[in-house]
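Trainee: Residue numbers (this note's numbering), protein chains in the order written: chain Z, 90 to 408; chain G, 90 to 408.
Hints were generated in silico from the structure; no laboratory data involved. No residue lacks a Cβ here, since even glycine has one placed at the ideal position from N, Cα and C. Heads up, a few of these hints could be off.
[Claimed, not checked] Short, incomplete list of chain Z residues facing chain G, as computed with Cβ under 7 Å: (1) R123; (2) N235; (3) S265.
[To be verified] Facing chain Z, from chain G, some residues (calculated, C-beta under 8 Å): (4) A136; (5) Y169; (6) A215; (7) L269.
Protein chains: 2
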Amino acid sequence: MHVADRLAASIDATGSVACVGLDPRPALVPPPVRDAALARHGDTVAAVAEAFLATNRGILDAVAGRCAVVKPQVACYEAYGSAGWDVLAATVAHARALGIPVIVDGKRNDIGSTAEHYRDAVFGGAPGFSGAAVADGLGGDWVTVNAYLGSDGVEPFLDDAGAHGVFALVRTSNPSSADLQDVVAGERSVAEHVADRVAAWGETRRGTSGLTAVGAVVGATWPEQARALRARMPDTVFLVPGFGAQGGTAVDAVAGRRPGSGAASAAGLVVNSSRELWGAWQRADAPDRWQAAAATALDAMNRALGEALDAGAGADGPA
Amino acid sequence: MHVADRLAASIDATGSVACVGLDPRPALVPPPVRDAALARHGDTVAAVAEAFLATNRGILDAVAGRCAVVKPQVACYEAYGSAGWDVLAATVAHARALGIPVIVDGKRNDIGSTAEHYRDAVFGGAPGFSGAAVADGLGGDWVTVNAYLGSDGVEPFLDDAGAHGVFALVRTSNPSSADLQDVVAGERSVAEHVADRVAAWGETRRGTSGLTAVGAVVGATWPEQARALRARMPDTVFLVPGFGAQGGTAVDAVAGRRPGSGAASAAGLVVNSSRELWGAWQRADAPDRWQAAAATALDAMNRALGEALDAGAGADGPA
Numbered sequence: 090m091h092v093a094d095r096l097a098a099s100i101d102a103t104g105s106v107a108c109v110g111l112d113p114r115p116a117l118v119p120p121p122v123r124d125a126a127l128a129r130h131g132d133t134v135a136a137v138a139e140a141f142l143a144t145n146r147g148i149l150d151a152v153a154g155r156c157a158v159v160k161p162q163v164a165c166y167e168a169y170g171s172a173g174w175d176v177l178a179a180t181v182a183h184a185r186a187l188g189i190p191v192i193v194d195g196k197r198n199d200i201g202s203t204a205e206h207y208r209d210a211v212f213g214g215a216p217g218f219s220g221a222a223v224a225d226g227l228g229g230d231w232v233t234v235n236a237y238l239g240s241d242g243v244e245p246f247l248d249d250a251g252a253h254g255v256f257a258l259v260r261t262s263n264p265s266s267a268d269l270q271d272v273v274a275g276e277r278s279v280a281e282h283v284a285d286r287v288a289a290w291g292e293t294r295r296g297t298s299g300l301t302a303v304g305a306v307v308g309a310t311w312p313e314q315a316r317a318l319r320a321r322m323p324d325t326v327f328l329v330p331g332f333g334a335q336g337g338t339a340v341d342a343v344a345g346r347r348p349g350s351g352a353a354s355a356a357g358l359v360v361n362s363s364r365e366l367w368g369a370w371q372r373a374d375a376p377d378r379w380q381a382a383a384a385t386a387l388d389a390m391n392r393a394l395g396e397a398l399d400a401g402a403g404a405d406g407p408a
Numbered sequence: 090m091h092v093a094d095r096l097a098a099s100i101d102a103t104g105s106v107a108c109v110g111l112d113p114r115p116a117l118v119p120p121p122v123r124d125a126a127l128a129r130h131g132d133t134v135a136a137v138a139e140a141f142l143a144t145n146r147g148i149l150d151a152v153a154g155r156c157a158v159v160k161p162q163v164a165c166y167e168a169y170g171s172a173g174w175d176v177l178a179a180t181v182a183h184a185r186a187l188g189i190p191v192i193v194d195g196k197r198n199d200i201g202s203t204a205e206h207y208r209d210a211v212f213g214g215a216p217g218f219s220g221a222a223v224a225d226g227l228g229g230d231w232v233t234v235n236a237y238l239g240s241d242g243v244e245p246f247l248d249d250a251g252a253h254g255v256f257a258l259v260r261t262s263n264p265s266s267a268d269l270q271d272v273v274a275g276e277r278s279v280a281e282h283v284a285d286r287v288a289a290w291g292e293t294r295r296g297t298s299g300l301t302a303v304g305a306v307v308g309a310t311w312p313e314q315a316r317a318l319r320a321r322m323p324d325t326v327f328l329v330p331g332f333g334a335q336g337g338t339a340v341d342a343v344a345g346r347r348p349g350s351g352a353a354s355a356a357g358l359v360v361n362s363s364r365e366l367w368g369a370w371q372r373a374d375a376p377d378r379w380q381a382a383a384a385t386a387l388d389a390m391n392r393a394l395g396e397a398l399d400a401g402a403g404a405d406g407p408a
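Produce the entire structure from the sequences given, and follow the hints as far as they go.
Mentor: Right, here's the structure in full:
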């Protein structure tokens with residue numbers, strides 16, 4: 090099944106466009122999990138790794154059926170070396186066992202021959218000495234990529250069958266994103282140049298949902314740009330970071346939706362939240378109810394996004 | 090000691106501007122190393138990991154004292170999961186034990202709070218539950234970064250003392266680099282916009298050598314652009330990929346040198362070669378002399394680059 094269709098099916102089955110970010114940090118680990126890991130390992134990489142995986146599994150169990158997709162942030166794992174990589178792989182495996190699509194957020198990029206190795210790292214297939222695959226990779230459905238190197242750096246991640254997809258950085262959520270992305274070249278900003286490439290790469294990689302295997306990262310912090318970028322990328326799935334902790338509202342987050350109403354998947358976007366879900370226990374009465382706190386926070390996010398999508402559909406009129 | 094001064098000292102001590110790329114691939118492992126690993130582990134990740142590390146250590150022993158710096162390509166290791174990460178860390182440790190500076194080639198990039206985790210992955214310092222560092226990181230001196238996110242994504246890798254540095258992608262060596270990097274915005278190409286940022290970020294991060302902690306990746310395949318980019322980044326170290334296997338000649342590779350003559354380090358660049366050094370045994374008479382083959386290939390590269398630098402210095406006149 091095409092990667093965009095798998096995502097669309099997940100959105101429609103759950104009624105959610107939420108992407109649950111799995112960005113573990115020691116300070117956000119629920120106290121009961123932290124204390125158990127410290128008791129066993131002291132304040133070591135082993136304790137951090139054990140606590141990250143236990144929390145991720147608990148969060149995944151709590152959000153399964155309530156979110157469209159999950160997105161581990163590779164940097165948070167990589168910071169702890171090979172132990173962190175094992176946690177990342179086990180986290181992706183747990184999500185897949187629960188039937189949740191996974192976006193590996195690594196923002197990888199390099200020349201073509203090197204991008205192939207990054208593809209293997211995420212999707213599997215690194216060869217042994219016989220040439221046959223010996224490594225499984227992380228097992229993700231999608232990977233985020235940085236398109237600064239052009240098509241050479243993006244196409245190695247894609248396959249003819251659409252089994253896997255990418256989200257290319259177009260307009261990121263951070264304050265200094267304007268440094269380069271807003272520079273205007275001809276009639277278009279740099280972000281718009283990338284957007285046009287994203288649309289072109291996706292043109293021949295469309296699922297039966299109409300959505301393509303080449304998505305775009307478009308931050309919730311720039312709603313006007315999101316609307317303008319949608320016009321350039323009509324059938325591109327937007328991965329929208331910046332909701333919540335970074336300042337984007339639910340209305341901002343869905344600004345880049347496809348016009349019209351219909352199934353939730355027809356909006357063509359998923360909205361990420363990380364800290365406010367993974368660390369939801371911080372706002373709960375009882376820290377040991379951290380799984381319920383994550384589910385409750387996600388339900389609130391789903392309601393807010395659902396209302397914003399319904400309002401947007403009304404404004405645009407039916408498809 | 091400032092990271093750019095450490096690199097300049099290494100260039101002058103070895104008389105070499107060569108960067109030895111450590112991009113292991115199973116097909117390039119010397120047959121004696123491959124056969125030993127296969128005998129022990131069969132065709133598995135364990136065999137690949139053992140063979141990669143043995144070859145890297147042998148290559149490092151052979152090139153120590155003959156090259157300015159080494160550059161492991163993270164993708165080649167990451168493709169084999171946590172076992173690959175352990176090989177990468179052990180490779181960096183071996184280089185450091187030999188006194189060779191290390192560029193971790195990961196082209197990392199993300200918003201600021203996430204870039205901090207990538208910094209920890211490369212330079213160490215990821216916290217445990219107490220907030221104190223528990224992880225060493227890979228131990229590199231430099232890391233390659235992609236500046237599409239602007240200063241937020243670059244500055245977390247830098248420190249006030251200049252202990253560590255970055256090489257930001259400016260003009261990459263691959264064919265499709267023109268897709269975005271050559272787009273002209275105002276009077277400047279996108280690559281030139283990035284170059285001006287690189288120069289500005291480096292302005293306050295200068296060592297006693299005059300070189301800065303913010304380097305630039307400028308491919309050997311675009312010598313005319315390298316000359317134009319040098320004018321915008323007078324005190325930036327250029328990391329030049331694309332020499333040899335990708336088609337750049339020695340003269341092309343040093344096109345972005347700083348003007349004038351003097352110590353080799355004053356040229357302000359290092360030139361990478363990967364496959365032609367790591368796989369040099371393929372062109373040797375006896376596969377078991379793979380270390381000597383790498384040293385011989387490096388010596389030839391050093392001679393070619395030295396001649397090209399001398400010729401360039403003559404053309405520019407004395408400093």
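Trainee: Each of the hints needs a verdict: does it hold here or not?
Mentor: Structure-based check of all given hints:
Satisfaction of the interface hint for R123(Z) is found here, the shortest Cβ-Cβ separation to chain G being roughly 6 Å, below the 7 Å cut-off. Taking 7 Å as the C-beta cut-off, the interface hint given for N235(Z) holds, the closest approach to chain G being about 5 Å. Because the closest C-beta pair between S265(Z) and chain G is about 3 Å apart, less than 7 Å, the hint holds. At its closest, the beta carbon of A136(G) sits 7 Å from a beta carbon of chain Z; the interface hint therefore holds under the 8 Å criterion.
With 8 Å as the threshold, the beta carbon of Y169(G) comes within range of chain Z, its nearest partner Cβ sitting at about 5 Å, so the hint holds. Hint status for A215(G): holds, given a least beta-carbon distance of 4 Å to chain Z, under 8 Å. Given the 8 Å rule on beta carbons, the hint for L269(G) holds: about 6 Å separates it from the nearest Cβ of chain Z.
The earlier numbered hints are all upheld by this structure, with none contradicted.
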